[in-house]
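Chemist: One line per chain: the protein sequences are A and B, in this order. Numbering follows the UniProt record's numbering, in which position 500 of the first sequence is assigned residue number 500; successive positions increment by one, without gaps. Numbering follows the UniProt record's numbering, in which position 195 of the second sequence is assigned residue number 195; successive positions increment by one, without gaps.
It is worth saying that the hints were derived from the structure and are not from the lab. Where a beta carbon is used, it is the ideal one built from N, C-alpha and C, also for glycine. Check the hints yourself; a few may be wrong.
Here are the simulated lysine-lysine pairs, DSS-like style, with alpha carbons at most 25 Å apart [to be verified]: (1) B:K542 / A:K320; (2) A:K320 / A:K59; (3) A:K47 / A:K59; (4) B:K299 / A:K299; (5) A:K131 / B:K380.
Computed Cβ-Cβ distance ranges for the label pairs, DEER-style [claimed, not checked]: (6) B:E554 / A:S262: 50 to 56 Å; (7) A:K6 / B:K324: 18 to 24 Å; (8) A:R455 / B:N427: 51 to 57 Å; (9) B:K324 / A:E445: 50 to 56 Å; (10) A:P134 / B:T327: 57 to 63 Å.
According to the in silico footprint, chain B covers these stretches of chain A (three or more CB under 8 Å from chain B) [said to hold, decoys possible]: (11) 271-281; (12) 635-644.
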Amino acid sequence: GCFVFKPSPKKRRVSYRTVRDFGEGKDDSEDTELRFVTCQSLWNQIKSETEQIQEDLNKQLFDNLVNFLRRSHSEFQEKTTEWTCRMKYREIPTAALVLGVNVTDHNLTFRSLSEVLQNNVTPYVALLEAKDCPGIKNLMQKLMGQLMNCCIDVDSLEDEDYVQVSQNRIRCSMTSLINWYDNVTKKTDCETPRKKRTSSPRHWQSPPVVVIFKDMESFTTKVLQDFIVISSQHIRELPLVLIFGIATSPMIIHSLLPHSVSSLLCIELFQSLSCKEHLSTIIDKLILTAQFPFKLGEKVLQVLINIFLYHDFSVQNFIKGFQLCIVEHFYSQPLSVLCCQLVDAKKRVNSLSHDQCENIRRLPSFRRYVESQISEKQIALLTADSFLKETIQKLLEDLYVYHENYLLVLRCLHVFTSSLPKYPLGKQIRELHCACLENRVWETEEYESSLQLARMLNKSDLVTMLQQCVEIFVSSSGKEFDETVEKLKEFLTQFQKLEAEAFQERDVSVSSQKELQKKTDLYHLQKTLLELKESRRSKKLTKFEMLRFEVVDYIDSLVRNYLVPADHKTLHEIIYFNTASVLREHLNAAPRIALHTALNNPYSYLKNQALKSDGGSISNKAPDICIAYKLHLECGRLINLVDWLEAFSTVVMAADKPNADEASSDQVDDIIHARFIRAVSELELLGFIKPSKQKTDHVARLTWGGC
Amino acid sequence: MSQPEGKGRGALEVKFVPDEEVVKHIADDAGIKVRKDKTQLTVSVKRFVKKLENISDDEAQEILEEKNYVAALGICAQDPTGNGSSVSGGEVYSFQTPKRSSKMAELASELAQTPGQSVAPDHSECPEKTAETPQTSSKYMFLLLMLVFSLLLQSRKKEFVSTTPYRLRRRIAAPDPYLESESEYSASCSEEEDEEDQKEISTVLSGRKTPAKTKAASTPSPRNALVKKIKEDKMSNLVEEYFEAHSSSKVLTSDRTLQKLRKRRLNQQTLHDLLRKAPLAYAAEIKELNQQHESLFSKWMLQLHLGFNIVLYGLGSKRDLLEKFRTSVLQSSVHLVVNGYFPSITVRSILNSITEEVLEHIGTFRSPLDQLEFIIKRFKEDSSLELYVLIHNLDSQMLRGERSQQILAQLSSLPSIYIIASIDHINAPLMWDQAKLSLYNWLWYETTTFSPYVEETSYENSLLVQQSGSLALSSLMHVLRSLTLNARGIFRLLAQYQLDNKDNPSYPGLSFQDFYQQCREAFLVNSDLTLRAQLTEFRDHKLIRTKRGADGVEYLLIPVDESTLTDFLEKEDEDV
């Protein structure tokens, strides 16, 4: 079944080949290398950025964990009363690490966790996974193997006998583990004065042994129980600390372990950041930033977010999707060579070839731009490459400026919309971003309603929001928003002034109240009340309200100016990746739908007129497997092969009628029989039917309802 | 007839008492709505019972009445299959009850009658199908009939109840021109007919009653509401229907077997030859499809190098495509081709070929996991090592297990191992959970090729009953050759006896005592114990099977089909 093919060992040009793949199948292969390099460097940049983010997010958690380990450990060392009292109850210090349902991301977390622990606390860290430990024996074996290996890794100067002793020749038991631990600690103890000055201070004298259960839920209860009970017997000799990785809720510990076992644990709970927050940070740092030249279009971003929210909650997958976007963009768009930092892009524009210029002229957004110009300029743009390059430089610069402004105003708008009741434009900034990318946000109903709500904000909220906006604008480096900042500050001072005036107003209202109290006459009372009401309606706006209107209008004008959707911008094709279908196809494929379409409507793949048919039906000239499939749909749970064969041959013979003459009918029959056999076995391979022993010559259907 | 009708009338009052129960029983998921419409329901039932009085023995008259009645209920045009048009996939077909066993032949004749033209498979949607309408409606009629009968007329004679479906069934079966005789459509022996019919009724009733009844109940409601409601019903009923259809072991299909066809069975070779003779349909279009896929090769290479792995799906064999990929792109690099469809492939053999041939390691491993660890270590140490792994049918029987997939996934997660695989089974994606998916890091590519699965289905065990049985025969011969003459004689005796009884469908096997007697007479054994020892040997080689009958007697059977057995005896005769 397996065949290995080896080439003659002469051509090995790995990296070069990758570049070649990149350009293959394209006519314009000139910039491919540059494009590939740009793509790679961009991806590496983004990758390191995401890792950095991950690290930062986990820092807090890890710090807490390390502290916890130190504490449990120090107690062991100093033999304090608390520890001895705990020893009496044989409790194992345990950290329950709640990580959330995105199990696939956990690996990364655990890897960095064990790294952190090995650097800071103890060299003895073992990572256990449920799939490796079906029984307590395997668990011990795995545990000892990891511990002894890691000990070798740390002090590589160690004599060779640990390397020689394979994990299996040692009897896997707690006693041998304790012996090993004693040996190791003794050795390091006596070694410490001699050498190891450099590495030892990081670890304590007798470092704890940390055992991490990556996926606590999937361990067999029995194994866990046994391990806990056994090790609690030996906690005196072996400073063991457990870490449980939990995907669901901390309650699971108690439902998995009976009280007698869980009482042997001294559990402390640690909560990691939820994956949604993680995603928000990633989006904030990767997408809502001008740092990276590459941008995602609205649909693409929506697809990625949907996969995250509805399928896996996995940030890793989100980043993978992002990577795919980058690759696709640089692969399919020849002009993506300009998708780099502005300075480089300007240089690259100058060295663009004629073909590339033609490519630019073909861009729809550029065509729109050309049409809006005066006729001489149009001719110049379409004929003179040098003039075109100049214009491109200008346009690219525009685009970059647009981005910076866009992001600032977006954040500013988000400050307003995120505090409105019911969040008409979404709670998260990513939703707002999508809405703004999709089309002109100010034309949407949601925007209208959120403006209306904003006009009803109270003063303190409004002031804090304005202050936040000022901060956002001030933090930007550009000069573009100096004026805006001024304006916003002016609003703020006006609000302060209002506060002062408010006192006076209150006086006025108090006086009118007094007036009310004076009139005891019912008629007069009614009259004054009506007057008051009248005046309120006609006066309508207090100063505060007017100011509030002004502020909202100002924000509105900002939005209209800066939050133009990206695809209205010229040359947006260069830096925006917008083919969401590709992404969906490759990341979130539906194999069954493809099969279903192929079987039910072969015309969608085989463009032959004979196969053309209108909805829900099939021509009798369809491929054999389609006919067999269609016929089998008419059956119940079991299918009689003879009937099926007859039905099949009826259809096929009718289709072949013109060239079927009586003389060779027997042979034709055989061929049809053979074709039927093939169709049936293909359907079996695809999993639609299986042989059944319930009745002779019957097959069972395996599908139910819609495909 | 007047007497039972009178009874029916008398039972009418009785019926109103359990009406609550009826409604609850039948349309429990329709909820309050049905309860409200209860009065209308009873009215309609009353009307129906009135109509019942007119039923004469004349069948034509009865059909007319049924039609009228169903029309009066306003459901005649509403086939449940017609309502699912908005549900994806549902428009094409819905679940068919076992009752419609003749449908396939009908569809076939339709397809055949209109060459080159498209035919709607759904009967209710086809305008020309006047002949079909009474049939479908009569099914409802029959349903309701049965429903009312079973509740109302429990005191009546069983014959009435059981003959009705029989009559109906005959009518349903009648339009099928491909049936040789009606009796072929019986579920089992004729003496059980009545009982059978009863069962059928209950099956059909349970299968169909819910939608039918809710429809009847909700007739007065506005049309759009009705449609919506039926849709909802459809969704919730799908689950119930499924279990109801699968709960009964009785399935009504024709009893015909391939044995009765005068066609000889094809063996692998003749099948292959015949298929080669048959021209491949739509070769040009298929070629075009393939060319589209081939243009993706460089992209695949790029994405493989960037850390993704590629999985191909879609109808048609992807073997040729991958082979082309291999020959055109991978010639200059180390690659491993895994034929997953090969019946004896294991993960172990894949790992072995990596360690032995790619890494040139001599030595064995205790477990696949150790081997995997070794491979991972080697690939991590030596960054210049690269390996492309092409897996045809990653979802094959042998590789789809959890452990194998886990190992393959871990292999694929290595940055210098590039996997490109194909899957065909409709449920193949279920093999992978999130953890495995993230290890595999798939990019999915749809490559529908429509090419026949020649290689994939060519292995003996992947074919159905049309098998020649040559494998079974050869193994039988092989085992028997190594036995003593006496032992062969014993087996022959059993085989002969089984062949003599091949026409007896209820043949339980040869009882041990009889067998012993016969063996003694043939001087093959001299004691009970020798025979038992011999039988144990047979059993160990899976040559015979023993089972205990109802009377506690041990029966012996050879679990091989008749033709193979005949062939075997012929071969034996030649040998002797």
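Chemist: In ascending order, which of the hints set out earlier in this document are inconsistent with the structure?
Modeler: 1, 10 and 11
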